[in-house]
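What follows is each chain in one-letter form.
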Amino acid sequence: MKLVIGIVRPEVANDVLEALYRAEVRGLSMCKVQGHGGELDRVETYRGTTVQMRLADKIRFEVAVTDDFVDPTIEALCEGARTGEVGDGKIFVVPLERAVRIRTGEKDHGAVTPVSA
Amino acid sequence: MSGLGLAAAAVPKVDSGDTAWMLAATALVLLMTPALGLFYAGLVREKNTLNTFMMSVAALAIATVMWALVGYSLAFDGTSPIVGGLSYVGLHDVTFAPRDGTTIPHLVFFAFQATFCIVTTALVSGAVVERMRFGAFLVFAALWSVLVYAVMAHWAFGGGWLQDGGTLDFAGGVPVEMGSGFSALAAALVVRARKDYGRQALLPHNSVYVLLGAGLLWFGWFGFNGGSGFSAGHPGVLAFTNTLLTPACTLLVWFVLDLIRGRKVTAIGAATAIIVGCVGITPAAGFISPPWAMVLGAVAALPSYAVIVLRPRTRVDETLDVLAAHGVAGFTGILFIGFFAQQSWNGVSDGLVYGNAAQLGHQALAAVAAPVYAFTATYVLLRLIGLVMPLRATEREEALGMDVIQHGEEAYASGEGAILITPVDGEVPPVPVADPGFA
Chain A
2 MKLVIGIVRP EVANDVLEAL YRAEVRGLSM CKVQGHGGEL DRVETYRGTT
52 VQMRLADKIR FEVAVTDDFV DPTIEALCEG ARTGEVGDGK IFVVPLERAV
102 RIRTGEKDHG AVTPVSA
Chain B
4 MSGLGLAAAA VPKVDSGDTA WMLAATALVL LMTPALGLFY AGLVREKNTL
54 NTFMMSVAAL AIATVMWALV GYSLAFDGTS PIVGGLSYVG LHDVTFAPRD
104 GTTIPHLVFF AFQATFCIVT TALVSGAVVE RMRFGAFLVF AALWSVLVYA
154 VMAHWAFGGG WLQDGGTLDF AGGVPVEMGS GFSALAAALV VRARKDYGRQ
204 ALLPHNSVYV LLGAGLLWFG WFGFNGGSGF SAGHPGVLAF TNTLLTPACT
254 LLVWFVLDLI RGRKVTAIGA ATAIIVGCVG ITPAAGFISP PWAMVLGAVA
304 ALPSYAVIVL RPRTRVDETL DVLAAHGVAG FTGILFIGFF AQQSWNGVSD
354 GLVYGNAAQL GHQALAAVAA PVYAFTATYV LLRLIGLVMP LRATEREEAL
404 GMDVIQHGEE AYASGEGAIL ITPVDGEVPP VPVADPGFA
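If you read the protein sequences in the order shown, they are chains A and B.
Take the first sequence: its position 9, counted from the start at 1, is 10 in the working numbering, and no numbers get skipped.
Take the second sequence: its position 332, counted from the start at 1, is 335 in the working numbering, and no numbers get skipped.
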């Protein structure tokens, strides 16, 4: 079991969701984060105050999957999120010790395998 | 009465009561433009909030200046059929003397009419938000406010061929509502759809803005319709009260339509209904009785609701449904006069139901001519501007959002991770300043 974390541009979030859906990855969560990954900063001006925005808005996907699903998930994240310019984001894969489905008490593999409705 | 007073009675006189009301009405109508900006800003995605609002703010600048320079003269100088003359160019001769046919100073009449030109120019922006370049919109707004709005205002208000031929249009069904609505359709076709239109759900980001904007628009509309009699007399009073009654009925019918269609009454639907009702009564406000105004409110909901449901199923990304809310509801209102105008209320003319079938003919003529001119003129105008400069932002810019790209600001900036670039002791720190568009 792994936790796949993908940090992507907000404007590609829908493309990533679509790619994950096509890869039959069904269980996931996402949240808005701010980050910085080497891209050039935006410059914004508010009245007399000019600022360099070091942090850009990003979307962070978290997908807990069985080992078989790690590669398809990574491929889907790349396919949906790649624009070819600096700032496309990163994917991190970390080992997952335990998983529990709250509703049934199922553990580990059973807990991260989606149920059909 | 003094001798002076008697002598003055022979020439047209400024009435202080009428002038006081028209000063207030002008301010009410001016509020409608920022209200529209708020309404539109709530309907777009978060990343385009400021750009959308700024299109209305731009109209405040550009339409006002163009109107003072040339638009007002083309609309309101003389009674030639197609377009007015040039003797009021640059506000020449627009002074304290009463405007012909009114009891208010010419200056007040000008300012009141200017606020109409501003809000109508801002209305058209609803068709092109989230992808049109701001610079191109500024050029479009400047030319549109003269070539389309001022010309149509002349037809309907300034003694042009429609008004002269007997068409009744109290507060702007022709230049404002059908003018903006059918221009919006043309603009959407020329500028084309947003890149994600029809692929992704592009949802309103703040429904509270939408409701508040609609509420403020309704408030301003009391000046818009109530002031279009240019006095505190009967036509203004009738129009004022009808502006309360019609939108209330539209709102109620919209609730029912929402319930039938989706089993729930929606907030964005309600905000839309307020606009549709206000638009519907605009041409008819001073011409129909209050009970008929209530019927108009109910009737006007139906065609606009249908267009709002059907339009998103097409490839036409007329983004904020200016056609449905303004073009179609204005069309309904203009035709409604032809049936239900009542001379006992308006002192001018009866409609078909009260024995004057000819009035319906006059109204139908306007209902055909206004859409045709607005659509054609706007289509050609935007095509020509498109030859000189790009109308749209690039796909990449569209994805990033127009606020950062066009204005270098965000509507909801947090300031986290922002580093000041301010000259300290006259020295500008060496930072890699990047144009966000080419990062």
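It is possible that part of the hints are untrue.
Said to hold, decoys possible - With a straight-line Cα cutoff of 35 Å, these simulated DSBU-like cross-link-like pairs (lysine-lysine) come out: (1) Lys16/B x Lys33/A; (2) Lys33/A x Lys3/A; (3) Lys3/A x Lys108/A; (4) Lys267/B x Lys198/B; (5) Lys33/A x Lys198/B; (6) Lys198/B x Lys91/A; (7) Lys3/A x Lys91/A; (8) Lys91/A x Lys108/A; (9) Lys33/A x Lys108/A.
Said to hold, decoys possible - Covered stretches of chain A (chain B as the covering partner; in silico rule of three or more C-beta atoms under 8 Å from a C-beta of chain B): (10) 35-46; (11) 53-62.
Unchecked claim - Restraint-style ranges between C-beta atoms, simulated for each label pair: (12) Thr46/A x Arg266/B: 41 to 49 Å; (13) Thr269/B x Tyr22/A: 54 to 62 Å; (14) Phe93/A x Val60/B: 18 to 26 Å; (15) Thr269/B x Arg23/A: 31 to 39 Å; (16) Gln35/A x Pro294/B: 53 to 61 Å.
Read the hints as simulated data drawn from the structure, not as lab findings.
Just so you know, these numbers come straight off a predicted model, no measurement behind them.
Virtual Cβ for every residue (Gly too), placed ideally from N, Cα, C.
A quick look at each hint next to the structure:
1. Lys16/B x Lys33/A: Between Lys16/B and Lys33/A the Cα gap is close to 65 Å, so the pair fails against 35 Å, i.e. violated.
2. Lys33/A x Lys3/A: holds, 21 Å
3. Lys3/A x Lys108/A: holds, 14 Å
4. Lys267/B x Lys198/B: OK: Lys267/B and Lys198/B at ~31 Å, within 35 Å.
5. Lys33/A x Lys198/B: holds, 23 Å
6. Lys198/B x Lys91/A: This hinted pair holds, its Cα atoms lying about 25 Å apart.
7. Lys3/A x Lys91/A: holds, 16 Å
8. Lys91/A x Lys108/A: Distance of about 29 Å is within 35 Å: holds.
9. Lys33/A x Lys108/A: With Cα atoms ~28 Å apart, Lys33/A and Lys108/A stay inside 35 Å; holds.
10. 35-46: holds (count 9)
11. 53-62: holds (count 4)
12. Thr46/A x Arg266/B: 41 to 49 Å: holds, 48 Å
13. Thr269/B x Tyr22/A: 54 to 62 Å: violated, 28 Å
14. Phe93/A x Val60/B: 18 to 26 Å: violated, 44 Å
15. Thr269/B x Arg23/A: 31 to 39 Å: Holds, since Thr269/B and Arg23/A (Cβ atoms, about 32 Å apart) stay within the stated range.
16. Gln35/A x Pro294/B: 53 to 61 Å: Holds, at about 58 Å.
Going down the numbered hints, you'll see the structure goes against 1, 13 and 14, while the others check out.
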